[in-house]
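**Q** Just so you know, the sequences run in chain order X and B.
If you count by this note's numbering, then the first sequence holds residues 1 to 367, one letter each, in order.
If you count by this note's numbering, then the second sequence holds residues 1 to 315, one letter each, in order.
Keep in mind that the hints were calculated from the coordinates and are not lab data.
It cannot be assumed that every hint is accurate.
Claimed, not checked - Here chain B is said to cover these stretches of chain X; the calculated rule only asks that three of the stretch's residues, wherever they fall, bring their Cβ under 8 Å from a Cβ of chain B:
| no. | region |
| --- | --- |
| 1 | 63-70 |
| 2 | 152-158 |
| 3 | 329-336 |
Said to hold, decoys possible - Residues of chain X clear of chain B, computed beta-carbon distances all greater than 12 Å:
| no. | residue |
| --- | --- |
| 4 | Val27 |
| 5 | Gly29 |
| 6 | Met251 |
| 7 | Lys254 |
As the list claims (entries may be wrong) - Straight-line C-alpha distance at most 27 Å; calculated DSSO-like pairs for lysine-lysine:
| no. | chain 1 | residue 1 | chain 2 | residue 2 |
| --- | --- | --- | --- | --- |
| 8 | B | Lys194 | X | Lys155 |
| 9 | B | Lys300 | X | Lys21 |
| 10 | X | Lys21 | X | Lys193 |
These numbers come from a predicted model, not from an experiment.
C-beta atoms are modelled at their ideal positions from N, C-alpha and C, and glycine is treated no differently.
Now for the letters of each chain:
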Amino acid sequence: MNKQAEDRKKAGKEPLIRITKRAELSVRGARLLRIGAFLLALAAGAIFILCLGYNPFLIYGVILSGSFRSAMAVQAMVKLMIPLLISALGITLAFKMKFWNIGAEGQIIMGAIFASYFALFHDQLPHPVLILVMLVAGFVGGGLFGLVPAYFKAKFNTNETLFTLMLNYIALNTIVLLRDGPWRDPESPGFPKIARFSANATLDRVFGVQAGWIIGLILVVVIAVYLKYSKQGYEIRVVGESQATARYAGMNVKKIVLRTMFLSGGICGVAGVCQAAGSDITLATSVAGGVGFTAIIVAWLGHLEPLEILLFTFFFAVLEKGSTVAQSTYGLSSNCASVLQGIILFFILGCEFFIRYQFTVRKRGVR
Amino acid sequence: MFLKFIVAAIVSGTPLLFGTLGEIAHEKCGHLNLGVEGMMSIGACAGFMTGYYTDRFWIAILAAFAAGVLSALVYAFLTVTLMANQNVTGLTMTIFGIGLSNFIGVTVLATTSSGTLKLSEHIMAQMGNIHIPVLSDLPVVGQLLFSYDPFVYVGVAIALAMGFYYNHTKVGLNVQAIGENPAAADAAGIRVTKLKYLNIMIGGGICGIGGAYCPMIINGGKWISDSVDGLGWIAVALVIFAMWSPNRAIFGSFVFGALRVLKFYVPKSVPVPAAIYDMLPFVITALVLILTSMGKSMGKSQPAACGLNYFREER
Numbered sequence: 001m002n003k004q005a006e007d008r009k010k011a012g013k014e015p016l017i018r019i020t021k022r023a024e025l026s027v028r029g030a031r032l033l034r035i036g037a038f039l040l041a042l043a044a045g046a047i048f049i050l051c052l053g054y055n056p057f058l059i060y061g062v063i064l065s066g067s068f069r070s071a072m073a074v075q076a077m078v079k080l081m082i083p084l085l086i087s088a089l090g091i092t093l094a095f096k097m098k099f100w101n102i103g104a105e106g107q108i109i110m111g112a113i114f115a116s117y118f119a120l121f122h123d124q125l126p127h128p129v130l131i132l133v134m135l136v137a138g139f140v141g142g143g144l145f146g147l148v149p150a151y152f153k154a155k156f157n158t159n160e161t162l163f164t165l166m167l168n169y170i171a172l173n174t175i176v177l178l179r180d181g182p183w184r185d186p187e188s189p190g191f192p193k194i195a196r197f198s199a200n201a202t203l204d205r206v207f208g209v210q211a212g213w214i215i216g217l218i219l220v221v222v223i224a225v226y227l228k229y230s231k232q233g234y235e236i237r238v239v240g241e242s243q244a245t246a247r248y249a250g251m252n253v254k255k256i257v258l259r260t261m262f263l264s265g266g267i268c269g270v271a272g273v274c275q276a277a278g279s280d281i282t283l284a285t286s287v288a289g290g291v292g293f294t295a296i297i298v299a300w301l302g303h304l305e306p307l308e309i310l311l312f313t314f315f316f317a318v319l320e321k322g323s324t325v326a327q328s329t330y331g332l333s334s335n336c337a338s339v340l341q342g343i344i345l346f347f348i349l350g351c352e353f354f355i356r357y358q359f360t361v362r363k364r365g366v367r
Numbered sequence: 001m002f003l004k005f006i007v008a009a010i011v012s013g014t015p016l017l018f019g020t021l022g023e024i025a026h027e028k029c030g031h032l033n034l035g036v037e038g039m040m041s042i043g044a045c046a047g048f049m050t051g052y053y054t055d056r057f058w059i060a061i062l063a064a065f066a067a068g069v070l071s072a073l074v075y076a077f078l079t080v081t082l083m084a085n086q087n088v089t090g091l092t093m094t095i096f097g098i099g100l101s102n103f104i105g106v107t108v109l110a111t112t113s114s115g116t117l118k119l120s121e122h123i124m125a126q127m128g129n130i131h132i133p134v135l136s137d138l139p140v141v142g143q144l145l146f147s148y149d150p151f152v153y154v155g156v157a158i159a160l161a162m163g164f165y166y167n168h169t170k171v172g173l174n175v176q177a178i179g180e181n182p183a184a185a186d187a188a189g190i191r192v193t194k195l196k197y198l199n200i201m202i203g204g205g206i207c208g209i210g211g212a213y214c215p216m217i218i219n220g221g222k223w224i225s226d227s228v229d230g231l232g233w234i235a236v237a238l239v240i241f242a243m244w245s246p247n248r249a250i251f252g253s254f255v256f257g258a259l260r261v262l263k264f265y266v267p268k269s270v271p272v273p274a275a276i277y278d279m280l281p282f283v284i285t286a287l288v289l290i291l292t293s294m295g296k297s298m299g300k301s302q303p304a305a306c307g308l309n310y311f312r313e314e315r
């Protein structure tokens, strides 16, 4: 009797259903599977809407058309895309390296804080110079904030997921600290807040939307090229696949981790600059507002491919904007967007399994 | 004044205790759950709404627990069976949970004529501070130990039970083995999948009860959107502060609870901005995280396989 059969006898019987690896699906198969999961998710969302007593087709219709009903709606939707897209691109760099940077939220905030310093206290600089200084400051601020967990990861192997998570709240409270103290606007009565940026420190509008969208689109291309064709991008991928391999190939893993996290945090910082100087026109505690977390999901959904990320950012923004329209039209709470996002994500998360694995049912007669 | 501060600290630490215990249950079996906030939100909504409609405190708690279990079942199915990325699944759970809870809140709110959702006096009395004759009337001790709402005692009891479970029962030790090395545990004949499911679901249920605490006690029985308000994230931090021990979590949640209310008790003359107090728990946690990673003391750090999914046929 061979060993396997012996084991099987000992274990009683083979489990009824077990998981086995399958030959990896073709690109087309995988795409079909994802589209299938997406449609299933929409169906599940429809059941949810139906339970609430609404017509799902009507609601979906409003959500889809809501972002395109006027030029203003499109602009509002693009405005939602900007910080999400840029920070998702930043996260992509870290995730490619399998460095689980959950700290985009904090890096966005730090970028915004650094840029706000110049916006608030040095707004006599010529406009192009000031904007450039703000972007660089934001990049450095976010980058330094990304460098902290990277340093400890490289030095002591400190868990980066938990560490970056803590840094988010340290950053958030730093804004509160500045708002209640040194940066408090003396002219605003009531609740403390930070002064509005002057027009000189505000990002210009291009086609009616703050210029952040141009930065976002440029970054899509830059990151795609950087990851695919540059030596550093190659190093990131090798470190992500196997640190041992990278070390064997003579790469300085620590240096790569530090450099990549600086870039990752820095790009998230730029997202913060765009949100503060382009949309909020001040430094608010809501500057990140959960975007850093949603960006992680977007980056992951887009398989860390910049173009796909752009697509999913667009989709998320449409959903978000559309839900506010559904709220004003049908009185359906705009929290509906988060619920639908969640349902869709659960299905897509689940379907990834079937790309690499399959369920195998025990054959009849095998005991 | 000082006594009042201690009591306030314990009350404000209680939802953290539940969240932390739930997260410990998840991490001990190898699952880093970033969805605590979402599971707590779902529990908050289920508990509050059930309390609102049934006027029965214990049914509300059971509903919160059940809702937490259900949300954890989704998480477990995705991460254990379908081996989905734990970080992303957890974050999705958070977004979904907060959204669902707010959504239901707003929807129910729209059906009321007054525009507010408030629990009745009847149920408020059931979940008010307990009163044990003699014991609760003792000076100082009575107030310090025997005059809290029932949640507090339930939380401490769960913590002690979990401490016993992990350190002194065979199943608990098996679960810890799964968290450290699922392949070895599997080879030793431990039912990895079954235990993971059980622990994740019970952990989710505990999170759910903690969530219910927020609208029912902290907000005084009134429904407000985002009632959990980041406590779930503090709970994730607290797991580190408690170094993955349910018993230390009791102390930890008390400390974090104290930090959360400290700003109301420090005399105005002390020139420390409120934000510093809110920041402190996270700064301390970050330091603990660094120190534990430097030390590498066994049993005081994250379970080794935490965050990694286990596929039996991979080697």
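**Q** A separate judgement is required for each hint: does it hold in the structure or not?
**A** How the hints compare with the structure:
1. 63-70: violated (count 0)
2. 152-158: holds (count 4)
3. 329-336: holds (count 4)
4. Val27: holds, 20 Å
5. Gly29: The claim holds: glycine 29 of chain X sits with its nearest Cβ about 18 Å from chain B, beyond 12 Å.
6. Met251: holds, 23 Å
7. Lys254: Lysine 254 of chain X clear of chain B: closest Cβ-Cβ about 15 Å, beyond 12 Å.
8. B:Lys194 / X:Lys155: violated, 37 Å
9. B:Lys300 / X:Lys21: violated, 35 Å
10. X:Lys21 / X:Lys193: violated, 56 Å
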